[in-house]
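Student: Listed below are the residues making up each chain.
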Amino acid sequence: MTKLIQTVVDGLGVGSTYALLALGISLIFGVMHLVNFAHGELITVGAYTAYFFFLHGGSWWWMPIAIIGAAVLASVTMEFVAFRWVRNASPFTLLLTSFAIERLSHALWQIFVSPKQRAFPKPAWVFNQFRIGGVSFEVMDVVTIGVTIATLAITAMVFKRTMFGISVRAAAEDFDAARLMGTRANRVISGAFAFAGFLAGVAACLILMRTPAAEPSMGTDWLLKAVIAAVIGGLGSFTGAVVGGVVLGLLETLTRAYLPEVATGWDKFSTAVVFLVIAVFFVVRPDGIFKVSHAERV
Amino acid sequence: MLEVDDITTRYGAITALHGASLEVRAGELVALVGPNGAGKTTLLNTVAGLLRPATGSVRLDGDDVTGMEPASLVRRGLALVPEHRRIFKDLTVEENLRLGGTTASKADRKARLDEAAEVFPVLRAKWSTSAGFLSGGEAQQLAVARALMSNPRLLLLDEPTMGLAPTIVDVVFDLLARLREQGRTMLVVEQNATRILQLADRGYLLRTGNIVASGTGAELAADTSLFDTFIGGETSGSTS
Amino acid sequence: MGTILQRTLRSTLGSAVLMAAVAALAMVYTSGGGASRNSLIAEMLSNFILVLGIQVFIGNTGVLSFGHMAFAQIAAYATAVVAIPVLAKEKALPDIPFGLSDVELGAFGATVVAVAITVVVGALLGVAVCRARGLAPTMITLALLFVVEQLVKNWEELTRGAGGLSGIPIVKGTGWLYLGAFVALVVAAFFQEMRIGRFSVATREDELAAPALGIRIFTSRYAAWVVSIALTALGGSLRAQSLGSVNPKQFTMDAGILVLVMLVVGGMKTVSGAVLGTVLITAGNELFRQLGDPERLDIERFPDLFLGVAMLLVMVLRPDGLLGDRDLMGWLRRKMYRPAKAEPIKAEVGTRELTARDVEVHFGGFVALDGAGLTVRPGEVVGLIGPNGAGKTTLFNVITGLVDETAGAVRLGDDDISTDTPVGVARAGLARTFQNLRLFPGLSVRENVALTALVAARHRSHRVRPDIDLLLAEAGLTEWADRAAGTLDYGNQRRLELIRAAALAPEYLLLDEPTSGMSDTESLAMVDSVRKVAGLIGAGVLVIDHDLGFITRISDHIVVLNEGRVLAEGTPAEVRANPLVAEAYLGSQA
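Protein chains in written order, with my numbering: chain A, 1 to 298; chain B, 1 to 240; chain C, 1 to 590.
Calculated directly from the structure, the hints in this document are not laboratory data. Hints are supplied without guarantee of correctness; some may be wrong.
[To be verified] Heads up, incomplete: computed chain B residues facing chain C, CB under 10 Å, no partners named:
(1) HIS18
(2) GLY39
(3) ARG75
[What the hints assert, rightly or not] Not close to chain C: a few residues of chain B, all C-beta gaps over 12 Å, as computed:
(4) GLU3
(5) ARG10
(6) ASP201
[What the hints assert, rightly or not] Under the rule of at most 25 Å between Cα atoms (straight-line distance), these lysine-lysine pairs were calculated in the BS3-like manner:
(7) A:LYS268 <-> C:LYS346
(8) A:LYS268 <-> C:LYS532
(9) A:LYS268 <-> C:LYS153
(10) C:LYS91 <-> C:LYS249
(11) B:LYS110 <-> B:LYS89
(12) B:LYS126 <-> B:LYS110
(13) C:LYS91 <-> C:LYS153
(14) B:LYS110 <-> A:LYS160
(15) B:LYS106 <-> B:LYS126
(16) B:LYS126 <-> B:LYS89
(17) A:LYS160 <-> B:LYS106
(18) C:LYS153 <-> A:LYS116
(19) C:LYS249 <-> C:LYS153
(20) B:LYS106 <-> B:LYS89
(21) A:LYS116 <-> C:LYS532
(22) B:LYS126 <-> A:LYS160
(23) A:LYS3 <-> A:LYS268
(24) C:LYS532 <-> C:LYS346
(25) A:LYS160 <-> B:LYS89
(26) C:LYS346 <-> C:LYS249
In this text, a Cβ means the ideal position worked out from N, Cα and C, and glycines have one as well.
Please construct the entire structure, taking both the sequences and the accompanying hints into account.
Tutor: Have a look at this one:
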């Protein structure tokens, strides 16, 4: 029981980071049908921002603001520099464009900083633990879950209450109809990128507190998991993205924890098993958990 | 108020409008009728800025607004109730209405929301329901109410009675009549040609991308070319 | 098109020319000397095979796959475990399973075994990939990439984990790599000449029209998958034997992206594009590599920059790649084409009636069809009219198997076709067109028609099949036969869709708004076109149209639909005189 609780908390910790990233991916997909493989680069931008500021005497007290700000700026720039020019292209072209940006980002960090990892200090309390009723928890896990819940609450607020949020949801459903309401296409798309950047920035803070280092290709692994989470949930569905992220996180930690009990020596194959399960999932339910229908007239 | 001059609009290889022209004067209700595929929706969408005409011009209050973004046109006082209504089904009724007031100031938006709740009691009853759960008639009223949220001086309506039960069709026609009495300028595409021409000040008959007849509602309703165009007679004549 | 011999000749000849061009370039480059230049050419040639491998799947089906590198990896490791000499293997892999410790194959044997194993694995997994639609296949391949990566890293008894395996006997020289590349080139080119390859291209061009013309998406996609996996495996195996070692780093997502960039930059639709892309990106990469400073580990940075910029520029400026659909093989195909001298043979009128009875369709709470029905007799032209939302297209979709009816039955003669899929319905003898035009826009006008003729040759052989060039002439499209269908003007596109359906040699043509968007004179001309084409193939016609001038002229019988039910039917004159019809169209007086 103790093991189960700890595993679930661990899973929620990882899963909530996936969820924040997946939500950004789903949001962008909603407004422009782009599966943004460059989204993970926002984490990299955040990491190098932190590295840069720590070189000049940074502190974790205000670092999250810098990281989030950099991610927002990078996300909006990405749209302005690249995606704007292929906005009406096929989803295939859009996707490949995002690959190009991902490549470019890797190259630029390598050239202007270094291909090697650059580390910076972590907050002192990160790996502290505390116990409740015999179960020990990592402070960081609790912080991660708490921050994610707060961020999701803010997100829900923005999408439910503000004109911007309502416009984005409307544009995700029917872009032209939203334009007829007076919504400016450029503004709603830039706004969606900015918000996705904010979510990625928060995720980056959580990731960097645990592993305080910057590396040119660090965003890719997170990105791939987040894309899978977003598609598991159902691309374009905001609830789906969160559920998909949490499901993926739980799946990973639970497999890692319990697979060796099924058969000894299997623990090293846990990741393989997770992705096999995901492959099977897509065979069974190709549109994800929350299907977003885009009816096509024949 | 609105002058459409000789516009041609294409979708890729398809030319849906071949040099159509029409005019709507302040305070008028103008009907645009014609068989399906004649280009009526294309014309409204071109005026509203969703489509860019290949040639020709659209003028609003004397200003050339050809190819302008819909958002700018809404700010200039034009609103379109699109074909199939296209209400946002994932949004609540209230959110749909608020979106309609995107261009209004916060205070105006609030005032018009209250007004909409008063004018459309069916909507008030479902204020916080997802619009996807509305019936066809309710959805149509929402679509009109949503467009009115920007307080447009020129309202374009595309097939407002499509797919509605006969009693609900009456409700929509009553609504049109009421808007007209309030002095709202309107350009209406409607499949129920007989009825809209009774209500309209003037009408245009569109066929395969061309205006083939125009006149007052009564004139056009009496014109044999109307019947022929719809029911498939010989090539139509024209009345002016 | 053409006989087997012609097709083989064409793909071999075209491949030889392309290969010779690449070899000449390589020769010029390596004549400068240096072992590094030779190894660059070796690397390029193994990439060349991998690019052609993914071209066969991604290029022909339009489905993005991330998983191909996983199969290259499987092949490379399979090569290693069967080719590494027994003594070396004992040291590196003491616990190797499956009795592999005693296996030691030569280069050829190892390649064959590795490709065979990979193809078997790929064929199994491909069932899942090719059944899925939308983004799911891409996601499945992405997940498979991770699965294989994890297996390779962790199944240490077989793979020695992250360190990789070395000691694979190296095959000297580049001659055998050229041979492998040439084989891959011929296979990829010939695949596009094959019926199944052309079908997979059709599914890429339009996922809805292809089944409606009798092309099964799964079958053609799966064939492309298997061939593509075989080539990818060849590339992986040869790379392992060229380097003498394998490790997980050779087959990461990054390596996959490099190959993908090569394909999309050149143009993924054609073999020529794949070749051009490989050469350009290899050259560009090398050029930029030399800008770097080996002391500062710059070596990897500038190529990445080049890749990113190249891809971004191509996506923004030429999303179809540098070559688009221009292709040496396609050029040869046009040059070698000789129309058969065909006399118009009129097909006998069919014998089976098409009937739909008491059809009901409910979408959620909405009733689209409420007991509608109709009968079309052999050779007859029936017009289906009614106001917007009356359910005309829904009835069409029910008949052609796109929409499942809630109640009712559709029959062709004595056969119940209610539960048939669109593919089954098409093969049974109903060919349809679409309201909003669904041609294969990137394919030539002739290929659009030839594709359905191919289906007809297999499934409609009991009927007299119309000659392709005769149909093209009938529609006045002979002059445009080699142009991409998407570049035709609207009237011609409509006529092309008509003859494309006719090439199926169907018993009934179902035309959904064949004149929408046409001018009056064009509509009038369409009356003759439809009657002539239908007469030629002996088909009955069921036609929806809003242009009632057209409908009254063309129809023997008219059915009027309103609110999901049949409101009236009869001869054009009867329907025209019916006051109910006038009211349905013009509206009541309130």
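Student: Indicate, hint by hint, whether the structure satisfies it.
Tutor: Each hint, compared with the structure:
Proximity of HIS18 of chain B to chain C holds as hinted, the smallest CB-CB distance being about 8 Å (cut-off 10 Å). At its closest, the beta carbon of GLY39 of chain B sits 8 Å from a beta carbon of chain C; the interface hint therefore holds under the 10 Å criterion. Annotation: interface hint on ARG75 of chain B violated; nearest CB of chain C at approximately 31 Å, more than 10 Å. Every CB of chain C is more than 12 Å from the CB of GLU3 of chain B (nearest about 25 Å), matching its label as outside the interface.
Not every CB of chain C is more than 12 Å from the CB of ARG10 of chain B (nearest about 9 Å), against its label as outside the interface. With a cut of 12 Å on Cβ distances, ASP201 of chain B stays outside the contact zone with chain C, its closest approach being about 18 Å. For the hint pairing LYS268 of chain A with LYS346 of chain C, the CA-to-CA distance comes to about 69 Å; that exceeds 25 Å, so the pair is violated. With a CA separation close to 69 Å, the supplied pair LYS268 of chain A and LYS532 of chain C exceeds the 25 Å bound.
Taken as a hint, the LYS268 of chain A and LYS153 of chain C pair is honoured in the structure, with Cα atoms around 9 Å apart against an allowance of 25 Å. Distance hint between LYS91 of chain C and LYS249 of chain C is fulfilled; the C-alpha atoms sit about 22 Å from each other, no more than 25 Å. Between LYS110 of chain B and LYS89 of chain B the CA atoms are separated by roughly 22 Å; this keeps the pair inside 25 Å, and the hint holds. A hinted pair counts as satisfied when its Cα atoms are at most 25 Å apart, and LYS126 of chain B with LYS110 of chain B qualifies at roughly 18 Å.
Between LYS91 of chain C and LYS153 of chain C the CA atoms are separated by roughly 19 Å; this keeps the pair inside 25 Å, and the hint holds. For the suggested pair LYS110 of chain B and LYS160 of chain A, the alpha carbons sit about 16 Å apart, so the restraint of at most 25 Å is met. Between LYS106 of chain B and LYS126 of chain B, the direct Cα distance comes to roughly 22 Å. Compliance with the 25 Å bound is thereby established for this hinted pair. Under the criterion of a C-alpha separation no larger than 25 Å, the hint pairing LYS126 of chain B with LYS89 of chain B is consistent with the structure, at around 13 Å.
Restraint check for LYS160 of chain A and LYS106 of chain B: satisfied, since their Cα atoms lie roughly 16 Å apart, inside the 25 Å limit. Of the pairs offered as hints, the one joining LYS153 of chain C and LYS116 of chain A holds, with about 23 Å between alpha carbons and a cut-off of 25 Å not exceeded. Between LYS249 of chain C and LYS153 of chain C the CA atoms are separated by roughly 10 Å; this keeps the pair inside 25 Å, and the hint holds. For the given pair, LYS106 of chain B sits about 24 Å from LYS89 of chain B by alpha-carbon distance, which is consistent with the 25 Å threshold.
With a C-alpha separation of about 73 Å, the suggested pairing of LYS116 of chain A with LYS532 of chain C is violated against the 25 Å cut-off. Taken as a hint, the LYS126 of chain B and LYS160 of chain A pair is honoured in the structure, with Cα atoms around 17 Å apart against an allowance of 25 Å. Restraint check: the Cα-Cα separation between LYS3 of chain A and LYS268 of chain A comes to about 19 Å, which is no more than 25 Å; the hinted pair holds. Between the alpha carbons of LYS532 of chain C and LYS346 of chain C the distance comes to roughly 10 Å, so the proposed pair stays at or under 25 Å and holds.
Only pairs whose Cα atoms come within 25 Å are accepted, and LYS160 of chain A paired with LYS89 of chain B is accepted, the gap being roughly 14 Å. Taken as a hint, the LYS346 of chain C and LYS249 of chain C pair is broken in the structure, with Cα atoms around 63 Å apart against an allowance of 25 Å.
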